[in-house]
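**Student:** Single-letter residue listing:
2 protein chains.
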Amino acid sequence: MNETTREFLKIVSDIQGNELETAAFNIREDSQCAGRQSTPNIKIDSKEDGPGLVIHISKNAQKETVYIPACVTHGDVDDLVYNDFYVEAGADVIIVAGCGVHTSDGHDARHNGIHRFFIGKGAHVLYKEKHIGTGKGVGKRTIDPVTDAYLEDDAVLEMDTIQLSGVDSTVRKTSGKLGARAKLIIHERIMTDGDEKAKTEFEVELNGEDSGVDLVSRSVAKGNSYQEYHSTIKGNCRCTGHSECDAILVGNGKVNAAPALFAGDIDASLIHEAAIGKIAGEQLIKLQTLGLTSEEAEAKIIEGFLRG
Amino acid sequence: MNETTREFLKIVSDIQGNELETAAFNIREDSQCAGRQSTPNIKIDSKEDGPGLVIHISKNAQKETVYIPACVTHGDVDDLVYNDFYVEAGADVIIVAGCGVHTSDGHDARHNGIHRFFIGKGAHVLYKEKHIGTGKGVGKRTIDPVTDAYLEDDAVLEMDTIQLSGVDSTVRKTSGKLGARAKLIIHERIMTDGDEKAKTEFEVELNGEDSGVDLVSRSVAKGNSYQEYHSTIKGNCRCTGHSECDAILVGNGKVNAAPALFAGDIDASLIHEAAIGKIAGEQLIKLQTLGLTSEEAEAKIIEGFLRG
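Top line first, the protein sequences correspond to chains S and H. When you read off a place in the first sequence, starting at 1, and then add 7, the result is the number in this note's numbering. When you read off a place in the second sequence, starting at 1, and then add 7, the result is the number in this note's numbering.
Everything labelled a hint here was simulated from the structure, so no lab data went into it. Mixed in with the good hints there might be a few duds.
All copies of an identical chain are treated as equivalent in the list; a pair is satisfied when it fits inside any one copy or across any two copies.
Computed cross-link-like contacts, DSSO-like style, restricted to lysine-lysine with a CA-CA straight-line distance of at most 27 Å [claimed, not checked]:
| hint | residue 1 | residue 2 |
| --- | --- | --- |
| 1 | K135 | K229 |
| 2 | K190 | K180 |
| 3 | K135 | K147 |
| 4 | K285 | K190 |
| 5 | K17 | K229 |
| 6 | K204 | K17 |
| 7 | K229 | K285 |
| 8 | K184 | K285 |
| 9 | K229 | K147 |
Isolated chain S (complex conformation) (with noise of 0.2 Å):
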């Protein structure tokens, strides 16, 4: 493992101290495995018809945690991987995928991971992905995540996902299709800056009576970067669907919202909301009347609001 991974484990994954030491991981760098550890309750395997892992989840996983970090750590690298997951009914996991991207040498790094969820009846997942990127010059820095979830009767599954800043191209779909009861809930935080592009794409199917999805998505665009959000909701039985999609420019960033709510039987009951506008000036003059300068200001509003 080298000092680019190590540094980036810290970052994505929150590895302060001996975590890895009893808990299940597999360490991604460049393409290959740089560390790998199963556990009584968390198996890990490669894949047998191509790159990436198949993780076997049993039900007496109680809220134990796996670590799985992909890191790209120089120019000239295309990762591309497919994760299953497969999690037995009645576990209960904490999933951690951070993903960073690494380039100074002046050629392009990308990761592109393809994680499939198989979430068993009553199972509980949280899914924890912190994406950044690093370097300098030309080299592009990409991360274009692909989530499917599919969850039986009674799973639930949290999704938190964040990208922090260096990444300048960014395409990230994520579906869901849910049976009785299940729930997935989806926090996604996004801050672009500079040139950066970032497009989120979420695509939810309620199929089964009383599912239930929450997407709450706040973003960032400074600089001259461009993000756009879309999101289908199909509310397919009696279900209950909302969706919030809040943004703030700053400089000259641009935001395009497209969600999109079907409701396909009358038990349907869908809400979206969206707000898209730069800071209020009131609440930046109240900081600064606190003793903040206008640029603390403006970090302490964003800070709250990518937390909320």
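Using the hints, position chain H against chain S.
**Tutor:** Frame of chain S, contents of chain H only:
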């Protein structure tokens, strides 16, 4: 003017008595002109290069009304008309553009009206559009209106559109381009039943500083009917945009709502809200305890919803 047209005029143009004696009007019946009158301030001419009207409204028109109903009274009519409105700076006018389509002879009847509004500085236009289909048999009743509005600085266009019932298929396209401080206010109400289909598309460009749009769409989809709502608000400068689309489902009604906001300027402030669902049980029960049958209670709630 035939009997069907006479009936339509009462419903779609709210003509109860002798309004047409003094007002400007053009009555279109089965692709022909069944009556026309200009006034000193509102001049109606036939288009030279195709079917339709050129309507000049002078600045002296203040709270004056012009009626331009279009009626299709039997099958085998596919009416296409282009109407251009030139509204002089400072004018204040009410344009009543109802449309009725009737067929009982088994053949299809269609009205396709393409309206362009060139609204001068500071002019105010209230545009009222009521659509209805009547008659029996397999003949399909179709109304496909296209409205393109160009608002100069400080101009105001209020559109109040309502589709009552009986229209088997409608595709409604409305676009607006707004100058500085111009305001576009759209209030749309659509109720569909049976196998009816209704599709709405709005595209509004806020190009002038401090321009604004307020888009409210209320729809009720009953029976096996299907409604689609698309809207795009492009904020290209300091401006405000608000769109709201609420839908009530009854029976097997289905609704697809896909609004989009594009903020291309830091001073664009855009908001969208959407809600789709059935009538809340408590609301129905409350009205039933007051003595209404469940059908009466439902009708009452829908009536209030569409009025709101």
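**Student:** Confirm or reject each hint.
**Tutor:** These are the hints, each one checked on the structure:
1. K135 - K229: The answer is within: 24 Å in one copy meets 27 Å, while 42 Å across copies does not.
2. K190 - K180: within (19 Å within a copy, 37 Å between copies)
3. K135 - K147: within (24 Å within a copy, 53 Å between copies)
4. K285 - K190: Cα proximity of K285 and K190: across copies only (21 Å, versus 32 Å in one copy).
5. K17 - K229: Answer is within; shortest intra-copy Cα gap is 26 Å, inter-copy 55 Å.
6. K204 - K17: within (25 Å within a copy, 55 Å between copies)
7. K229 - K285: Within one copy only: 10 Å inside, 40 Å across.
8. K184 - K285: between (35 Å within a copy, 23 Å between copies)
9. K229 - K147: Within one copy, since 18 Å is at most 27 Å while 52 Å is not.
In the structure shown, no violation is registered for any of the earlier numbered hints.
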